[in-house]
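S.K.: Taken in order, these protein sequences are the chains called A and B.
With numbering that gives the first Met the number 0, letter number 99 in the first sequence gets 98, and the count goes up by one each step, no holes.
With numbering that gives the first Met the number 0, letter number 203 in the second sequence gets 202, and the count goes up by one each step, no holes.
Worth flagging that the hints you see were computed from the coordinates, not collected in a lab.
Any given hint could be a false lead.
As the list claims (entries may be wrong) - Keeping only pairs whose Cα atoms sit at most 20 Å apart, straight-line, the calculated DMTMM-like set for lysine to aspartate or glutamate is:
| hint | chain 1 | residue 1 | chain 2 | residue 2 |
| --- | --- | --- | --- | --- |
| 1 | A | K72 | B | D284 |
| 2 | B | K190 | B | D214 |
| 3 | B | K130 | A | E69 |
| 4 | B | K130 | A | D56 |
| 5 | B | K64 | B | D37 |
| 6 | A | K72 | A | D12 |
| 7 | B | K100 | B | D186 |
| 8 | B | K190 | B | D221 |
| 9 | B | K130 | B | E175 |
| 10 | B | K230 | B | E290 |
| 11 | B | K128 | A | D39 |
| 12 | A | K72 | A | D39 |
| 13 | B | K130 | A | E35 |
| 14 | B | K47 | B | D157 |
| 15 | B | K190 | B | D144 |
| 16 | B | K128 | A | D12 |
| 17 | B | K230 | B | D283 |
| 18 | B | K190 | B | E215 |
Stated by the list, open to error - Simulated restraints, written as ranges between beta carbons of each label pair:
| hint | chain 1 | residue 1 | chain 2 | residue 2 | range |
| --- | --- | --- | --- | --- | --- |
| 19 | A | T124 | B | N67 | 47 to 57 Å |
| 20 | B | Q35 | A | N28 | 25 to 35 Å |
| 21 | B | T69 | A | F55 | 56 to 66 Å |
| 22 | B | N67 | A | R20 | 16 to 26 Å |
Glycine included, each C-beta is placed from N, C-alpha and C at the ideal position.
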Amino acid sequence: MRVTQGCFSFLPDLTDEQISRQVQYCLGNGWAVNIEFTDDPHPRNNFWEMWGLPMFDLRDAAGVLMELTECRKVYGDRYIRLSAFDSSHGWESVRLSFIVNRPREEPGFRLDRHEVEGRKVRYTTTPYAVDRPEGQRYGGS
Amino acid sequence: MSAPTATQSVSEPPPTRKVDLRREFNEVGVGEVLDQLDRELIGLRPVKTRIREIASLLLIERIRKRMNLTSDVPTLHMSFTGNPGTGKTTVALRIASILHKLGFVRRGQVVSVTRDELVGQYIGHTAPKTKEILKKAMGGVLFIDEAYYLHRPDNERDYGQEAIEILLQVMESQREDLVVILAGYGDRMDKFFASNPGFRSRIAHHIDFPDYSQDELLAIADLMLQDINYKFSPDAREAFVRYIGLRKTQPLFSNARSIRNALDRMRLRQASRLVADLDRVLTDDDVMSLEASDVLASRVFTKAIGE
């Protein structure tokens, strides 16, 4: 199951050229671009790990793409996303984020039905991938 | 995307096209930048010639690109060597705008750094630090002043070597994203290149900045004063010619920088001379002109007499 989240989630995966154009748009707006990665694709997982520090004061997308290439070398088997942080007063939050890398195979999610008192049912989704320990979830080392 | 055009140019030679070189030249607007360079930078003949050559090459390269005559991106990394105050930094700033106008760097910003900003304090600190600077400079020019400090031959474990390796790698692999300009004093740069042959071969343009002649220094002084709305009185100008002659022979002379410092001190003397007489009514001319006494009070003259 193809995991989608953030911007452009209904589009096919962006090419590097397209990523570069999007990053340039972010930089043009004065946003700092960050690279984050995870192997826990649950939609409620807010805590992706950062690759390096947020990249402030960049002028050109080539710098971000350089880091992204590095990140893909190490964590190419995980989800990687870019997020753009707007530090201007009143915003001070992420303005845009999109996935730039995904594992080759995405096993999808299991739906658990938890029957509670009465006829109520509570639902939980669990990615099949997280059955395995961190770092080994997508056939990585 | 480039594949079909490449095969096309192999199978059938493209029809002869005509390019109006003058129009191209004007369109890019590089003429203005070069003229400005001639106007605002005094002397530096070899430097200007080289910059003109580079600009012509880039202009032709631009036209060739449009004709689908593919060739490699020319290597634009440069090294500026010369004595202190010969205008290396100033020229680096100009180069960035020339390259930007010709479309060889995308943004045209100059990131000016020295060893401190590239080399870290402890193990594992250098690589991220250097990379951060490189990322900031992407799409523009990275100007490394006093580049020879990166290499410390007396300390094998110096982190400078790590920064050099990262720099070399990026200079090679991302030639179209970044232009690196190294600058430093001639003899020390030679030593630096001798111990890092990789650098020497990756830099296409080695430009040597000559010292200024006495006349050029005077012209520089005039230009500097004009910029800050001052001027020499005729006597002061004469005295200043003598000042330059004397100062040039003294140690620690750093060309235009010494001139700038000398002018700053003369402004101080002029100010205190004017303030000394509070009852006087000042005219524009009084406030603007430096007098001979302001020049002659310099230590340079007393030293010369004392010796």
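S.K.: Going back to the hint list, which numbers does this structure go against?
M.R.: When the structure is compared with the hints, numbers 1, 2, 5, 7, 8, 11, 14, 16, 18, 21 turn out to be violated.
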